[in-house]
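Q: Residue numbers (this note's numbering), protein chains in the order written: chain Z, 334 to 445; chain B, -6 to 111.
Some hints could be false.
To be verified - Derived DSS-like pairs: lysine-lysine, alpha-carbon spacing no greater than 27 angstroms straight-line: (1) K36(B) <-> K412(Z); (2) K60(B) <-> K36(B); (3) K360(Z) <-> K47(B); (4) K47(B) <-> K(-4)(B); (5) K445(Z) <-> K47(B).
Keep in mind that the hints were calculated from the coordinates and are not lab data.
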Amino acid sequence: DIVMTQGVLPNPVPSGESASITCRSSKSLVYKDGKTYLNWFLQRPGQSPQLLTYWMSTRASGVSDRFSGSGSGTYFTLKISRVRAEDAGVYYCQQVREYPLTFGSGTKLEIK
Amino acid sequence: EVKLLESGGGLVQPGGSLRLSCAASGFTFTDFYMSWIRQPPGKAPEWLGVIRNKANGYTTEYNPSVKGRFTISRDNTQNILYLQMNTLRAEDTAIYYCARGRWDFDYWGQGVMVTVSS
């Protein structure tokens, strides 16, 4: 199975500042079509996970352009610009390159 | 509006069985892959398996952690996704979600709690 390892944030992050969340995969997530099969989700307390980006850097419908995904084949970053209170929660990366699909352990973002 | 609504959760004894349902609406159900994902309290989500769309023959893939115990199926006339869970263990205790999509899980249900305990 592909193992997804997420970094830790130095919480809390002051409102208006930027935050970068990291994720590493044990195998390249680049498929033969050239796309990188990596998703980012935000889970707010008591809610279902919400898709933020897919194919590493494509924002999901309705997601703010304050969220941007980037990376290489095995190292990924989700940058959140000008953080707001509503951005608080746990962020998960997920690889969808091969079955079984796997998630990272999550990175908690707290806002000050 | 896309909606996914899970049901069928509850308390079950170890070794027991349970079938979860996910009622889908607001989209052409047969066009989409559908997955089951679970999340133990305070832990990360775990993908359980997928059932492909009509174009891909409604075939299935499972996480080895549940393969042989869990079965995913779909009723394409009523737009319902199912998860049959057998030989349940305490470690199967979690919130169970259905989610739409092949790569981009763009819609999730609200989840249903399953507790395995004597």
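Q: Hey, K36(B) versus K412(Z), does the alpha-carbon distance stay inside 27 angstroms?
A: holds (23 angstroms)
Q: Is it true that the CA of K47(B) sits at most 27 angstroms from the CA of K(-4)(B)?
A: Between K47(B) and K(-4)(B) the Cα gap is close to 20 angstroms, so the pair holds against 27 angstroms.
Q: Hey, K60(B) versus K36(B), does the alpha-carbon distance stay inside 27 angstroms?
A: Holds. K60(B) to K36(B) sits at ~21 angstroms (cutoff 27 angstroms).
Q: Is K445(Z) within 27 angstroms of K47(B), Cα to Cα?
A: violated (48 angstroms)
Q: Given the hint that K360(Z) pairs with K47(B), test it: the Cα-Cα distance must not exceed 27 angstroms.
A: Judged against 27 angstroms, a Cα distance of about 30 angstroms means the pair is violated.
Comparing the model with each earlier hint shows violations of hints 3, 5; every other hint is respected.
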